[in-house]
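Residue numbers (our numbering), protein chains in the order written: chain A, 13 to 570; chain B, 748 to 1094.
Because the hints were derived from the structure by calculation, they are not lab data. As the structure is a computational prediction, the values presented were derived from the model and not from experiment. Take these hints with a grain of salt, some might be off.
A few chain A residues that face chain B, going by a derived Cβ cut-off under 10 Å, partial list only [said to hold, decoys possible]:
#1 259
#2 261
#3 302
#4 303
#5 375
#6 385
A virtual CB, placed ideally from N, CA and C, is assigned to each residue, including glycine.
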Amino acid sequence: MSAHVVPTPGETVVARPTPNYLTNGYGLKSWLFTIDHKRIAILYLISITTMFFLGGFFALLIRLELLTPPGDLMEAEMYNRMFTMHGIIMIFFFLIPSIPAVLGNFLVPMMIGARDLAFPRINLLSWYVYVVGGIFTLTAVIFGGVDTGWTFYTPFSTTYSNSNVALTAVGVFITGFSSILTGLNFIVTIHKMRAPGMTWFRLPLFIWAHYATSLIMVLGTPVLAISIVLVAADRLFQIGVFNPAMGGDPLLFQHLFWFYSHPAVYIMILPAMGVMSELVTCFSRKRIFGYTFVAFSSLAIAVYGFLVWGHHMFTSGQSIYAGLLFSVLSFLVAIPSAIKVFNWSATMYKGSISYDTPMLYAFGFIGLFTIGGLTGLFLAATSVDVHVHDTYFVVAHFHYIMVGGAIMGYLGGLHYWWPKMMGRLYPEAWGRFAMLLIFAGFNLTFFPQFVLGYLGMPRRYHAYPDEFQVLNVMSTAGASILGVGYLIPMIYFVWSLRQGEVSGPNPWGATGLEWTTPSPPPTENFDVTPVVTEEAYSYSKEEPEIVGGDKSTRASFQ
Amino acid sequence: MFDNFPLFPPEASTLAGEVDLLFFFLIAVSMFFIVLIFLMVAVFAIRYRRRSSDEIPTPNLGSLRLELVWTVVPLLIAMVIFGWSANLYFKMARVPDNAMDIYVVGKQWMWKFQHPEGNREINELHVPTGRPIRLTMTSEDTIHSMYVPAFRMKQDVLPGRYTTTWFQATKPGTYHLFCAEYCGTQHSGMVGSVVVMEPREYEAWLAGDTSGGSMASGGEKLFNQLGCVTCHLPDGSGRCPTLVGVFGKPVQLITGEQVVADEAYIRESILRPNAKLVSAYQPIMPTYQGQVSEEGILQLIAYVKSLAPAAETGQTQGTTPGGAAAPGNTGTAPGTTRALPSNRSNQ
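All chains should be modelled from the sequences, with the hints used to inform the complete structure.
Structure (structure tokens):
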């Protein structure tokens, strides 16, 4: 366990190169018992990539079934299990941990100039908790899967489903603790472990986004845990909380579930927004436009996100007055997202913009997230939602946010920090090609689903009327392209580990503390604790301008 | 496969056009922002592309004026959409006074419909044009959702309670009926059609079914079979309160509270008689949970609705009784539904 011996500053100046975090110990044990945040990030990277391809495999089967109107590829029972497992794995085991657990784990300490997270052992524990939760859920898959949809709606899940609901619920319950632990660790680290001079308003916006995400993780996930425990208890011991025949209320579950699961959407998208702020500034070589607005919009999203859950229930039979309140709050939560998009675009104004792969992902993110966000307005509008609720319109909308937004952000971030994590560059041409393929495949897959949804095709349908076929064929064709698009980075990333060009500490000419240390970084991140003397994204030493402002407004931007 | 390739659903209800209008407005707003942002990104990306590797642009920190513009303008647009949408949402929720009733029971995996006249259908619903139709719905098992895309109408159907929605069909034709809330294995098989007919054809269709009496008469049979009749005497002299003229009126409870005797109250009183006891009566009624189906309960409700005091039947047509708080009661609705069975019995 020599990995954890922190050398004194004096030792690091010797000529012999110090081992980096990857070469500091080779055995399996050195990985499984590591408390280095960077190694834990790699453990997460491997686990969530496995889960991503498993979830993607289920998606492939779904799209193949939907190629033709009748249910001919598999039985309805099988199809229901496929979309349920696709949802559960992609949301709980891929999207929620993706950026925080991989990029966040790796970068939060480095960006603030710390040697590790505040609680390295809890960090390792969170990965083990994730793995145990995953094992429970995968066991449920092996023993026949679960068919409730990822939403576990009662009383179907508690009374009528004949599948492994309890086992899956236990898996999801356990995994929730992994995200609570990660969130807790980030909050304490960001509060207590910033390097000298790293004030709150000098933090990279990636950190603000992770701080906001962590708040949701810590405050929201326990509610999911409670709801899931109640479902399992109702199912196993017939306590009847959600069973109307015993005086229970099935709608109560929907309130509890969405109280977590709507904020969970922001757990997925906020970190991607954090990545976006890093990419747009680096590849425009500019300070972010409106730092404080971008930073506080993250917090605003985290807070408002807790107040909008009822917009999933406009047709559920909840009071129409409650519906109106949730509707107006849902419109309000759109505003901070709009602020971010405008600020990223404005950051590019008079910048020096390069088209490296991560920036292409940033362009893709802005486009797809804008469409995803705007179609959110259709769903926040009560009376339009009545028509499109539970149709493919909703499916298209949340894939634009979660795949178009969160996964574009994740892949953009992975390409951006890959040289830092591995010390090697991926082949740039392949990177750009894969991004364009993903962008094209994504739009072909999900855009037709907006049309399908307005036509009235309900989601979670194993068979559908003939007139919906052309659009479904387009969607399946797009999904095939998308699948290939995702495989290409997987291949060249692995290839780059040995064959890639050595990147050096800062291949992009980026600012930020993580780029001041070698690639891959040494175990202790920094030889000497850095001292921060300037704002984030100080690409130029020139005096900054304020568009349309004068000296008096300057203070509010610094 | 290309000869049947619609891109937009038919509009077949009075509200469909209004929903579509708002939808088109939302598309216009979206297109405006998508084009604006696309142009910003594209123009900046091309115009300010990196021309030399050591180029460092002049930084700028932001602009309070611009921040205000792109906060306030989207906020105002969002509030316009909210107001417009909320207004329409109220229209969807408020059942017109002269609505005709149809009762719906969802179960895994079929839709069962009862017309007050007694006609029963499975997975197919016949309705006339030009008349608002209220659906009173419940489920026998899990949550379902009644969805007719051509009407832009959707309402979840829950076990253990009644939900209502309404529509007024405008164009004769056959339209998809879907279950929109995932309900288990054959969820995608829980589909059917709504057949919209001209009123005259609808009357003919109603008359064509000779299988039995009206819902109310079915309810009366059950009322006798289950023994309700032994305690709920019409003149109020029995051990339980009379049910004549009760529907839609306030009821004084033993707790001092008042409730309106609507569908939900009658259903609860059949299944959990002690939940809301009527003042001055003993808790002697047993539960009928498990002894009567959801459809049977709806028939019992229809029967209770039909029990108007003899003196009142002639007057209720077109007048509004005092208890205006009852949901959808509003006087004429029970009046009309009562009128229909008697038409049937005359035929």
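Run through the hints listed earlier and report the numbers of any the structure violates, in increasing order. none
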